[in-house]
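Here the protein sequences come in this chain order: G and C.
Okay, so the first sequence: first residue is 1 according to this note's numbering, each after it adds one.
Okay, so the second sequence: first residue is 1001 according to this note's numbering, each after it adds one.
Check the hints yourself; a few may be wrong.
[As the list claims (entries may be wrong)] Cross-link-like lysine-lysine pairs, in silico, DSS-like; alpha carbons within 25 Å at most:
(1) C:K1004 with G:K267
(2) G:K267 with C:K1043
(3) C:K1004 with C:K1043
(4) G:K89 with G:K5
(5) C:K1043 with G:K44
(6) G:K15 with G:K60
(7) C:K1020 with G:K153
(8) C:K1031 with G:K251
(9) G:K251 with C:K1032
(10) G:K63 with G:K153
(11) C:K1004 with G:K268
(12) G:K18 with C:K1031
No wet-lab data here; the hints were simulated from the structure.
Read off the chains here:
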Amino acid sequence: MKFFKKHIGELVLEKLDKAVEACLAVAFFSPSDRMLNLLVGIKKLRLVISEEFTINNPYKLEKLRTAALRSIPPDCDNGKLHAKVLILKLRDGSYWALLGSANLTQQGMFSNQEACVVVESNDAADATIVLEIRGWFDSLFQSAQVPNLDEAKLIFDSQAQYVLVPKPPLKAVPDIHYWALKATSGSTGKSHWPMFLAESVIAVGWNDLSLDPSKVTDAQLRAAIRGTYRNYSAREADVAAAQISKFVNLKVSDIVLLCRGYTSNQKKDVHIHGVARVIGPFRVRRGSKRNGNSSTPQ
Amino acid sequence: MIQKIDLDLPKDQVADALRKQALRRTIHSLKKSDFDRLATNLKEFGVHIQV
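In isolation and in its complexed conformation, chain G is listed as follows (with noise of 0.2 Å):
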C-alpha cells in the first residue's frame, strides 16, 4: 500500500493509459479532457457515480459509449454514494486500485489537497484487500441504476453550481463590453476579493491618487500619477493612466472577468473568483487603506 498526497491527477492519468479495464465509483465525476479521453480509449469500463447532476457532468458521460453506467439517487435507503475508488486491472493482468478522497474532476484530480491510498494485486501484501475491493465495486454495481442521462441534462444544463441572486430587469442594452479584472495587486500580491464579495463592488488600486480620475482629462491623470508615484516612469504612468480610464468608463451591463492574473511561461492553474456585471457608476472612495480609489458599484 502506498500513501499519495500530490501528483494524485498524473498518476491517474498514467494507470489509465496501461488500463485494459476499469471500474470506478465515485460521487462527482467531472474529469479533465485527457482523462476522459483515456476512459473513452478503455473498453471495459463500469461507472458508478452519485445522481448529483447539478454538478455530475452528463455530456461527458454521454461520449463513454461503451462504459456501463450506474448512478445511485442520492436517497437510497444504503446512503448515498461517497466513495472514491478506481480499480484498473492493467495489461500485465494485475489490478491497482486507487481509494481516497479524490473525485473524478478536475479539482479533485489536480487541485484540491487530496490524499489517497493506492493497493496493488501484484503486491502479496495487498492482494486480499483488492479482491475485497473488487468484491465491494461488484456489489455497489449491481445495486446501482441505469442513469437516464436525458433527465440528468436538463437539471444540469438548469441548474448552476453556484446560485446567484437573480439578475434585474435590464433595459434595453445597446452593446456589452466584456473585461478580465485582477483582483490582486501587482505590487504587494494582496487579494481584494474578499472585499469585492463584502461589498458588492469592484476595484482597480492607486489609492494615493487625490483626484478623482473620472473629472480629469488623460493628460492631468498621466500628470497626476507621476507625481503621487514617483518612482513611476513615463511609461508606466501613461500604462497606469490607460488602465485606470478603461476602468473608470466601464459601463453599465458591461460584464467583467474578475481572475487571478498569470504570465505567458506559468505552470500553476488560474484562479476564477467570479463574474460581475456592472450595475452603477464609477465612484472613488477615499480613505480606504485595503484598496483603491476607484470602485463601481455592481
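The hints should help you fit chain C onto chain G, whose structure is shown.
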C-alpha cells in the same frame, strides 16, 4: 452584481479561451467570443455564468 465561482482552471485553458497568453495588467478588454469560450469551459465544471 457578483457571481462567485472560486475555481482553478488550467492556465493553458484560460489563456486559450481568452486568447491572451499572459494577464499581467490590471484590466483587459475581452471579445465576447473570448468570454463565451471561457464560460463554456466553466460550464464543463458545472459552473453556469448567470450575471
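Hints, verified against the model:
Taken as a hint, the K1004 (chain C) and K267 (chain G) pair is honoured in the structure, with Cα atoms around 24 Å apart against an allowance of 25 Å. For the hint linking K267 (chain G) to K1043 (chain C), the alpha-carbon distance of about 22 Å falls within 25 Å, and the restraint holds. With a CA separation close to 14 Å, the supplied pair K1004 (chain C) and K1043 (chain C) stays within the 25 Å bound. For the proposed pair K89 (chain G) and K5 (chain G), the alpha carbon gap of about 23 Å is at most 25 Å, so the pair holds.
Restraint check: the Cα-Cα separation between K1043 (chain C) and K44 (chain G) comes to about 28 Å, which exceeds 25 Å; the hinted pair is violated. A distance of roughly 20 Å separates the Cα atoms of K15 (chain G) and K60 (chain G); the hinted pair therefore holds under the 25 Å criterion. This hinted pair does not check out: K1020 (chain C) and K153 (chain G) have alpha carbons roughly 32 Å apart, beyond 25 Å. At most 25 Å may separate the alpha-carbon atoms for a hinted pair to count; K1031 (chain C) and K251 (chain G) meet this at roughly 15 Å.
For a cut-off of 25 Å, the pair hint linking K251 (chain G) to K1032 (chain C) stands: about 15 Å separates their Cα positions. The suggested pairing of K63 (chain G) with K153 (chain G) holds, with an alpha-carbon distance near 13 Å, which does not exceed 25 Å. A distance of roughly 21 Å separates the Cα atoms of K1004 (chain C) and K268 (chain G); the hinted pair therefore holds under the 25 Å criterion. For the hint linking K18 (chain G) to K1031 (chain C), the alpha-carbon distance of about 41 Å lies beyond 25 Å, and the restraint is violated.
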